[in-house]
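Protein chains: 2
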Amino acid sequence: MSGHDNERRRPGQVKEVTSLTNPIIKDIRALAQKKYRDREHAFIAEGQKLVIDAFDAGWTIRTLLYAKAGRGNEAVERLAARTVASGGLVLIVSEKVLSTITKRDNPQMVVGVFEQKTAKLETVKPADGDVWVALDRVRDPGNLGTVLRTVDAVGAKGVILVGDCTDPFSFETVRATMGSIFAVPIVRTGEEAFLAWRKGFAGRVVGTHLKGSVDYRAVDYKKGPVLLLMGNEQQGLPDRLAESCDTLVRIPQAGRADSLNLAVATGVMLYEIRREALPLEERADA
Amino acid sequence: MSGHDNERRRPGQVKEVTSLTNPIIKDIRALAQKKYRDREHAFIAEGQKLVIDAFDAGWTIRTLLYAKAGRGNEAVERLAARTVASGGLVLIVSEKVLSTITKRDNPQMVVGVFEQKTAKLETVKPADGDVWVALDRVRDPGNLGTVLRTVDAVGAKGVILVGDCTDPFSFETVRATMGSIFAVPIVRTGEEAFLAWRKGFAGRVVGTHLKGSVDYRAVDYKKGPVLLLMGNEQQGLPDRLAESCDTLVRIPQAGRADSLNLAVATGVMLYEIRREALPLEERADA
Ligand SMILES: [Co+2]
Ligand SMILES: [Co+2]
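As they're listed, the protein sequences go chains A and B.
First residue of the first sequence? That's 2 in my numbering, and the numbers climb one at a time after it.
First residue of the second sequence? That's 2 in my numbering, and the numbers climb one at a time after it.
Certain hints may be false.
Since the list gives no way to pick one copy over another, a pair counts as held whenever it fits inside one copy or between any two copies.
[Unchecked claim] When the alpha-carbon atoms are kept at most 30 Å apart in a straight line, the in silico DSSO-like pairs for lysine-lysine are as follows:
#: 1; residue 1: Lys-50; residue 2: Lys-212
#: 2; residue 1: Lys-97; residue 2: Lys-35
#: 3; residue 1: Lys-35; residue 2: Lys-118
#: 4; residue 1: Lys-212; residue 2: Lys-223
#: 5; residue 1: Lys-104; residue 2: Lys-27
#: 6; residue 1: Lys-50; residue 2: Lys-16
#: 7; residue 1: Lys-118; residue 2: Lys-50
#: 8; residue 1: Lys-118; residue 2: Lys-27
#: 9; residue 1: Lys-35; residue 2: Lys-104
#: 10; residue 1: Lys-36; residue 2: Lys-97
I should point out that these hints are in silico values taken from the structure, not numbers from a laboratory.
Source: prediction; values computed, not measured.
Can you make the complete structure from the sequences, with help from the hints?
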């Protein structure tokens, strides 16, 4: 979190804007590009569900945009009031503006511009039973978003992005998370810093590897915290990272496919690691 | 497979084409749209790996396109010879043509136009130990491609697309399969026909459902064939399909996410169903 997250916020305002060339709208449109997201330290979340998730998880809104059709809609007005109360700006816009900002033909009625928020690696101190995922240079925005969603679903603690990864705050990643972007702590770090931090990690570091010698189901994941380290879509884990693992496991494959999709492999691993931790409550008709 | 798959094929030809308005190129460009893929009963596979996979699996090539830079490249020339021998057309084209056809800035050097091929539902007669996946109205091309890839990886037998599904032969789906499109039989059918066929299915039909009463790990998948039925991204299984299942299972979730990504959920299910069938061979250092 950068310093400006802590700036004093005064009550916000409500404006109506229809021009695509309005300077505020132009700034928001620029958030489609990573360069501007980085510079503004902001990103876009589409739809009421995600905006509510963000509010509930304590993220800071800068601007709420909603379509004129949302006027009088109780849920939308409530989000607007919440935005103003927290010092944000509310813009009532044309559907064309929403469509242009989100690059969608049928945009959601509500769009929020939020402060980016990431955690620092040195604050990650996993306790017994905690599971973290580290992704090495993940490239595909959909894969990253889907991994964040799965991490949330299994109750793992967070994701460490190692090296040059796709931006977790891109449209496509945020969409693929289905709101989990607001629930799962994300750390960004370089390989050197990761390897240094890993030395102090008091648990098991498990990597998946095509040459892994251990069946992924044969490992005892219950002792201490677990860090699951996944290589990227093209190359798998590079040697330095593979060597940093306590255990290299392999997910067996029967077919001619030489690998699983990264998000699927991460999902299969996480459900195995959390197998004991995720009991299903008994049901009457079970 | 439609009748024209069986037409007699004469040796093909090799041509050089650089104009985007060449009528053959225009026809191939049109394959970006489902309407033309359906009409031509054809689709595009990008890259040498996929074209080789297609040849090896016995799919019928209509046209092989490669960039001028591929001239003299042994592997590329071999694919061209194979295309001509099987009665297909070889087009040597500019990179601009490839880029336009595939809608990519950096296109693959080789692109193949293949006959579509699907299996008929009445030919699907699973034997003991066989696993099939049925997807109800799957919408996302990436999800469908990833499921096909996973089905291939676990050694399941094929995928039944029920109702109005995304096109398995779209660019995005074919890319996401990483070649498994050529290895995994695909059936397209309507809900009525599926339910009729299901009545004769001599195995266990397992559906995932948020209200499923059985832990997905508590089912014995070893008896007879298994059909895994997955609902779509938005609504899950509709009542009629849910009621057609022998068992409705649930994958436990710890977080605030209300669902897993469809491809991840399918992957987790398939690895559970195939848990006994996919032993990992012992390794010396295991
Ligand atoms: Co900040
Ligand atoms: Co045909």
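Comparing the hints with the structure gives:
In this assembly of identical chains, the alpha carbons of Lys-50 and Lys-212 lie at most 30 Å apart only when taken from different copies (22 Å versus 42 Å within one copy). For a Cα distance limit of 30 Å, the shortest separation of Lys-97 from Lys-35 qualifies both inside one copy, at 23 Å, and across copies, at 27 Å. Proximity of Lys-35 and Lys-118 under a CA criterion of 30 Å is satisfied intra-copy only: 15 Å inside one chain copy versus 41 Å between copies. With identical chains, the CA atoms of Lys-212 and Lys-223 are at most 30 Å apart both within one copy (24 Å) and between copies (28 Å).
In the homo-oligomer, the alpha carbons of Lys-104 and Lys-27 lie at most 30 Å apart both inside one protomer (13 Å) and across protomers (27 Å), since each shortest distance falls under that limit. In this assembly of identical chains, Lys-50 and Lys-16 lie within 30 Å of each other by CA distance solely inside one copy; the values are 23 Å within and 54 Å between copies. In the homo-oligomer, the alpha carbons of Lys-118 and Lys-50 lie at most 30 Å apart inside one protomer (19 Å), although the nearest pairing across protomers, at 40 Å, exceeds that limit. Proximity of Lys-118 and Lys-27 under a CA criterion of 30 Å is satisfied intra-copy only: 23 Å inside one chain copy versus 47 Å between copies.
Taking identical chains as interchangeable, the C-alpha atoms of Lys-35 and Lys-104 lie at most 30 Å apart whether they share a chain (15 Å) or sit on different chains (22 Å). Within a single copy, Lys-36 and Lys-97 get their C-alpha atoms as close as 24 Å, and across copies as close as 28 Å, so both meet the 30 Å cut-off.
In this structure, every one of the numbered hints holds.
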